[in-house]
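Since the structure of chain A is provided, determine the placement of chain H on it from the hints.
One letter stands for each residue in the lines below.
Protein chains: 2
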Amino acid sequence: MIELDPSQKAPLYEQLYAALADEIRTGQRAAGTPLPGRRTMAAQQGVSVNTVDTAYQMLAAEGLAEARPRSGFYVQSTYGMLHSRARRTPAAPVPPPAAPAGPVPLYDLSTGSVDTALFPAHSWGRIQKELLYQRPELLQRGEMQGDAPLRAQIAEYLSVYRGVDCTPEQIVVGAGIEYLLGCLAHLFHDGMAAIENPGYSRTRTVLQNSGIPCTLVDIDREGLPAAALEKSGANLCYLTPSHHFPTGVTMPAPRRAQLLAWAAAQPGRYILEDDYDSEFRFDTRPLPSLQGMAGPDGPVVYLTTFSKSLAPGIRIACMVLPQSLLARYRRDFATYANTVSRFEQQTLCEFMAGGYFTRHLARMRLAYKRRMEAFAAALRAALPGVELDGVHSGLHFLLTLPGAGGERAMVAAAAQQGVRLRGLSEYYLARPELCREDTVVAGYSALREEDVERVAQALARAWLCTPSDG
Amino acid sequence: MIELDPSQKAPLYEQLYAALADEIRTGQRAAGTPLPGRRTMAAQQGVSVNTVDTAYQMLAAEGLAEARPRSGFYVQSTYGMLHSRARRTPAAPVPPPAAPAGPVPLYDLSTGSVDTALFPAHSWGRIQKELLYQRPELLQRGEMQGDAPLRAQIAEYLSVYRGVDCTPEQIVVGAGIEYLLGCLAHLFHDGMAAIENPGYSRTRTVLQNSGIPCTLVDIDREGLPAAALEKSGANLCYLTPSHHFPTGVTMPAPRRAQLLAWAAAQPGRYILEDDYDSEFRFDTRPLPSLQGMAGPDGPVVYLTTFSKSLAPGIRIACMVLPQSLLARYRRDFATYANTVSRFEQQTLCEFMAGGYFTRHLARMRLAYKRRMEAFAAALRAALPGVELDGVHSGLHFLLTLPGAGGERAMVAAAAQQGVRLRGLSEYYLARPELCREDTVVAGYSALREEDVERVAQALARAWLCTPSDG
Numbered sequence: 001m002i003e004l005d006p007s008q009k010a011p012l013y014e015q016l017y018a019a020l021a022d023e024i025r026t027g028q029r030a031a032g033t034p035l036p037g038r039r040t041m042a043a044q045q046g047v048s049v050n051t052v053d054t055a056y057q058m059l060a061a062e063g064l065a066e067a068r069p070r071s072g073f074y075v076q077s078t079y080g081m082l083h084s085r086a087r088r089t090p091a092a093p094v095p096p097p098a099a100p101a102g103p104v105p106l107y108d109l110s111t112g113s114v115d116t117a118l119f120p121a122h123s124w125g126r127i128q129k130e131l132l133y134q135r136p137e138l139l140q141r142g143e144m145q146g147d148a149p150l151r152a153q154i155a156e157y158l159s160v161y162r163g164v165d166c167t168p169e170q171i172v173v174g175a176g177i178e179y180l181l182g183c184l185a186h187l188f189h190d191g192m193a194a195i196e197n198p199g200y201s202r203t204r205t206v207l208q209n210s211g212i213p214c215t216l217v218d219i220d221r222e223g224l225p226a227a228a229l230e231k232s233g234a235n236l237c238y239l240t241p242s243h244h245f246p247t248g249v250t251m252p253a254p255r256r257a258q259l260l261a262w263a264a265a266q267p268g269r270y271i272l273e274d275d276y277d278s279e280f281r282f283d284t285r286p287l288p289s290l291q292g293m294a295g296p297d298g299p300v301v302y303l304t305t306f307s308k309s310l311a312p313g314i315r316i317a318c319m320v321l322p323q324s325l326l327a328r329y330r331r332d333f334a335t336y337a338n339t340v341s342r343f344e345q346q347t348l349c350e351f352m353a354g355g356y357f358t359r360h361l362a363r364m365r366l367a368y369k370r371r372m373e374a375f376a377a378a379l380r381a382a383l384p385g386v387e388l389d390g391v392h393s394g395l396h397f398l399l400t401l402p403g404a405g406g407e408r409a410m411v412a413a414a415a416q417q418g419v420r421l422r423g424l425s426e427y428y429l430a431r432p433e434l435c436r437e438d439t440v441v442a443g444y445s446a447l448r449e450e451d452v453e454r455v456a457q458a459l460a461r462a463w464l465c466t467p468s469d470g
Numbered sequence: 001m002i003e004l005d006p007s008q009k010a011p012l013y014e015q016l017y018a019a020l021a022d023e024i025r026t027g028q029r030a031a032g033t034p035l036p037g038r039r040t041m042a043a044q045q046g047v048s049v050n051t052v053d054t055a056y057q058m059l060a061a062e063g064l065a066e067a068r069p070r071s072g073f074y075v076q077s078t079y080g081m082l083h084s085r086a087r088r089t090p091a092a093p094v095p096p097p098a099a100p101a102g103p104v105p106l107y108d109l110s111t112g113s114v115d116t117a118l119f120p121a122h123s124w125g126r127i128q129k130e131l132l133y134q135r136p137e138l139l140q141r142g143e144m145q146g147d148a149p150l151r152a153q154i155a156e157y158l159s160v161y162r163g164v165d166c167t168p169e170q171i172v173v174g175a176g177i178e179y180l181l182g183c184l185a186h187l188f189h190d191g192m193a194a195i196e197n198p199g200y201s202r203t204r205t206v207l208q209n210s211g212i213p214c215t216l217v218d219i220d221r222e223g224l225p226a227a228a229l230e231k232s233g234a235n236l237c238y239l240t241p242s243h244h245f246p247t248g249v250t251m252p253a254p255r256r257a258q259l260l261a262w263a264a265a266q267p268g269r270y271i272l273e274d275d276y277d278s279e280f281r282f283d284t285r286p287l288p289s290l291q292g293m294a295g296p297d298g299p300v301v302y303l304t305t306f307s308k309s310l311a312p313g314i315r316i317a318c319m320v321l322p323q324s325l326l327a328r329y330r331r332d333f334a335t336y337a338n339t340v341s342r343f344e345q346q347t348l349c350e351f352m353a354g355g356y357f358t359r360h361l362a363r364m365r366l367a368y369k370r371r372m373e374a375f376a377a378a379l380r381a382a383l384p385g386v387e388l389d390g391v392h393s394g395l396h397f398l399l400t401l402p403g404a405g406g407e408r409a410m411v412a413a414a415a416q417q418g419v420r421l422r423g424l425s426e427y428y429l430a431r432p433e434l435c436r437e438d439t440v441v442a443g444y445s446a447l448r449e450e451d452v453e454r455v456a457q458a459l460a461r462a463w464l465c466t467p468s469d470g
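From first to last, the protein sequence lines stand for chains A and H. So that you can map any letter, position 426 of the first sequence is 426 in full-length UniProt numbering, and since no number is skipped, the others follow by simple counting. So that you can map any letter, position 149 of the second sequence is 149 in full-length UniProt numbering, and since no number is skipped, the others follow by simple counting.
The shape of chain A in the complex, shown without the other chains:
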C-alpha cells in the first residue's frame, strides 16, 4: 500500500519511515505486531534491504518500533503510554485574539512599527542563505558578548556615525534592550534609577522587575534637568538625549555637560544613554553621543537597537559598557550564552561589512523624509491651525490642534475614523497635568505614502466641525 517516489527530494528510506510512522500513529499497525521482514519489505517496495533497515532503525530510534533479538522489528508494544495522553487531551486550539473595541483601525500611527517594504530582504536573504550553507560552525555556541566580527563592525559604525568611543571588547550584543537592561540591573543591584517623565514606561518596568527602584524626573525644554536629578537621590539615570521619547527634544550640549558632571561627581553614578532612533535625522547633523563626550572610561552605558534600522521582528540590540563595569560583567555572565542567533549576528555583520547597512539607512532616511514631508504638508492643509513638533528626526512627531476637544476626544474621534494614535499624556508616567494640551503622538513609519492624504482627510473629519454638518 505504501507508495515510494524516487523523484521526490526526500530519500527513499525517509519516505518509507514516514509512511510506516504514520500507519503506527494512526493505529493501522497495532502495538506489538511484527513489521514485515526486511527482505520481504525490500522486495515489495523494490528498494534495497539497507533502505528498509535504515527506515526501521529510525522507527526504533523514535520509539515507534522495537528490535527483538533474532526476531525482527515490532510495533512498539508500550507505544501509547505517552501518546494516549495526547489523544485524550489534544493541545487546546489557540483562541482568536480578543476583538478590539470599536472599529478596526485602517491606519496605524502608533510608534514602533516599520515599513516592511523598505526591508532589504534580497541582500539579507542572500547573506543568510550563504552563511547557512557555508558556515556550519555557526551552529555551535558563540561568544558570550556576541561574535567578535559583529562587535568590530558595530564599534566602527558607532564610532563613525554616533561618535561613540569604544573598542569591540566593550560591546555586548543581546536580544533587545529589555534583555540588556536586565543584565545592567544585576550590575547595579543596589542602585536607584531616575527615569524621564514623560518617557518609556518599558524602561521603568524592566528595571523595577529586575529589582532596581525607579523615580521619575520631569523633563523641561532641554531634557532632564541636572538639578532635579541631583535632588532625586538616584545614582542611575536613564536618558534619550538624541531624541527624547516621545517629545522629540534634542538635549543641547550645555545640558549634556551638566549631566556628565552629575555622573562624575560621585563614584557609582551612571548614565544609561538610549540612542534608540538616532539613525533618523533629516535636516541636521546629529550631536555625538553622550558616551563619546564621556570617553571609554566615562560613567555612561550606551544602548542602541537595530529594531528601527532593520526591523522589530529581528531581535538585535547592543550596549557599550564602560571599562569600569566590563570586568564585573564578564565575571558574572561568563557562563551565559549570547541571546542572539549566530546566523542573524553574522548576517548583520556581513550586511554592515559589505556597506549594505549604511546604504540601507540612507535609502530609509530618504523614504521616511519624503513621507514625513508629504504627511506634514497634508496635515497642514487639512487641519488649519495645527502645530507639528519634532519633524526633523525620528519616526514620529507631536501634533497639536487647539479647539478639537482635547487629547482624549481627539484620540477617540480619530479611532472612529479608523486612525489609531495615542495621546501625549499616555506617555506621562506621573503628573499628566504637566502635559501639553490638545496633543497627540503621530508615528508615520508604517504609513504608506499613498495613504497620507486619506489619513489627513480622516483626521479632518474627526477633529473639525464642518459647518455644513451643523
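Hints were generated in silico from the structure; no laboratory data involved. One or more hints might be untrue.
Identical chains share a label here; the pair holds if one copy fits it or two copies do between them.
Said to hold, decoys possible - Below, simulated SDA-like cross-link-like pairs (lysine to any residue); rule was C-alpha separation at most 20 Å, straight line:
1) K9 to R126
2) K369 to E450
3) K231 to D190
4) K369 to S232
5) K129 to M1
6) K9 to L118
7) K9 to E373
8) K129 to Y356
9) K369 to L118
10) K369 to P213
11) K129 to F119
12) K369 to P69
13) K129 to E350
Below, chain H without anything else, positioned relative to chain A:
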C-alpha cells in the same frame, strides 16, 4: 572617473551614490566643495537626471552632502565632526583569542557541542528563505510569549513526546534557558532555590545573579532526595529528572512522587524541571515529564531547549508555566518584546508542522546511537577494565577507569594526547569528596564516527602503561 555598470544588480542611483560616498569619505572630494550639477553629472555618466537626483538625496540623507537653496549640492561642510574622531581613534582590532594552555585538542569530548553535519540545513534554509520573501509581517514585533502558531506546535510536541500537559497559552518562548530562568527569578523574587549537586553550575549562577539565593543538595542514586530537600529550607527546586546532568541518573517514579508531594505540601513551592536532552534516549521509552504527573495547575515549571535538538547557535528555548504563575507573568512582562527573532520562530514552527522536526530527531537518534555504540565498543576494547555508565540516553556518558592515576591525572594525560574531556568532580558545586573516583565525563556528540577508534587509542596511550615502554 566613476564607472557605472548597468549589468550589476544594484540600481544605477545606488552605484552612483556609493561611488560618491566613497570619494567623500576618503577625502577625494573636500568638505564644502560643490558636487557637479545634476544635468552635468547625468550627461557625464549617461544616466537620467532622476538617477543623479536620487543619489544626491541619499548622500544628503546620510549627512555626506547638503542641499543649498538655489545652488545645488555640496559636500557636507560639517562633515568630519563625527568622522574625525573615527580617523583619530579607529576601532581597535580584535585581539586574537588567547592561546590555549597545552597542545590544541584534536578531539573535543566536552558536552554542549553538536554534530553540525546532522543539521537539516537544506529544509531549514528553504523554509527560512520562503518566510523572508513571503511573510514581511514577520518583520514587525510579535507576541510577548512567542508567536502563537509556534507555541501550538511546541505544546503538541511536548504533549505527545514528553507527556507535558499544557495549552499553548502556558508556553513562553525565549532566547535560551538562562534568559527564561532570569524571568522566573523575578516571579520567585523572595525565594530560595535548591540545586542538584553535582549539577549545572550555570543554573546556580543565573539564579544568584537574578537575586535568588541557592543551596546545594547532594543527589543519591535516584536523584535528589526529598528528605534532604525538605531540610534545606528551599521553596524552589531545580531538577534534571529525565537525565541528571552529568551523572545520567533517571529519576524513578517513586522519587518523582515524593518530590511532587514536597512541592504540594506548601503553597509557593515549585519544581523547575529542566528536560534539557530528553530527545536522546536510545533503548527505552522515556518516563513522561514531572510536569505531566503534576498536571497543568501543578507546582512545576517545565523548561527545555532546542540547543541540542537543533543547534546551540540557534537560540530557542521554552518554558511551560503553571496556571498559578501565568497571570503574574503576563502582567509583569506585558511590555517586553520576545527575545527570539520571528523568522527563526516561524522557521521552527513550519519545521515542526511539516514533520521535519520529528524526522530530524529520529535521524539524529539513529546517528548518535550508532556513534555511541561504536565509541563504547572501541573504548571497551582499548581500555581493559573500563566502566561506562549512562550510555542509554543523552549525548555523554561517564567513563571510570581504576588504576589510571585518578581523575586529574586522567584529564591531564588525555589532554597531552589531544583529547579534551572533563573530570566528574568538576561538576560538583560542593563536597567534591563525594565524587566517584577515577571518572571522567565523555561527550560524543561532536565526535566524528571515523575518529572513534583514534580517540580510543589516544586514551589508551594516555591511561595505560604499556609494558614494552617500561
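Consistency of the hints with the structure:
1. Taking the closest pair of Cα atoms, K9 and R126 come within 20 Å of each other only across two copies (13 Å); inside a single copy the shortest separation is 22 Å, beyond that limit.
2. In this assembly of identical chains, K369 and E450 lie within 20 Å of each other by CA distance solely inside one copy; the values are 15 Å within and 60 Å between copies.
3. For a Cα distance limit of 20 Å, the shortest separation of K231 from D190 inside one copy, 18 Å, qualifies, whereas the shortest one across copies, 31 Å, does not.
4. In this assembly of identical chains, the alpha carbons of K369 and S232 never lie at most 20 Å apart, being 39 Å within a copy and 62 Å across copies at closest.
5. Taking CA atoms no more than 20 Å apart as the test, K129 paired with M1 passes in neither setting, with 38 Å inside one copy and 35 Å between copies.
6. Taking the shortest alpha-carbon separations for K9 and L118, only the inter-copy value of 17 Å comes in at or below 20 Å, while the best intra-copy value is 35 Å.
7. For a Cα distance limit of 20 Å, the shortest separation of K9 from E373 qualifies neither inside one copy, at 52 Å, nor across copies, at 30 Å.
8. Proximity of K129 to Y356 under the C-alpha cut-off of 20 Å is found in both arrangements, the shortest distances being 16 Å within a copy and 19 Å between copies.
9. In this homomeric assembly, K369 and L118 come within 20 Å of each other (Cα to Cα) only inside a single copy, at 13 Å, whereas the closest approach across copies is 48 Å.
10. Taking the closest pair of Cα atoms, K369 and P213 never come within 20 Å of each other, the shortest separation being 39 Å inside a single copy and 52 Å across copies.
11. In this assembly of identical chains, the alpha carbons of K129 and F119 lie at most 20 Å apart whether taken from the same copy (17 Å) or from different copies (14 Å).
12. Within a single copy, K369 and P69 get their C-alpha atoms only as close as 74 Å, which misses the 20 Å cut-off; across copies the closest is 17 Å, which meets it.
13. Taking the closest pair of Cα atoms, K129 and E350 come within 20 Å of each other both inside a single copy (12 Å) and across two copies (17 Å).
In terms of the numbered hints stated before, the structure departs from hints 4, 5, 7 and 10, listed from lowest to highest.
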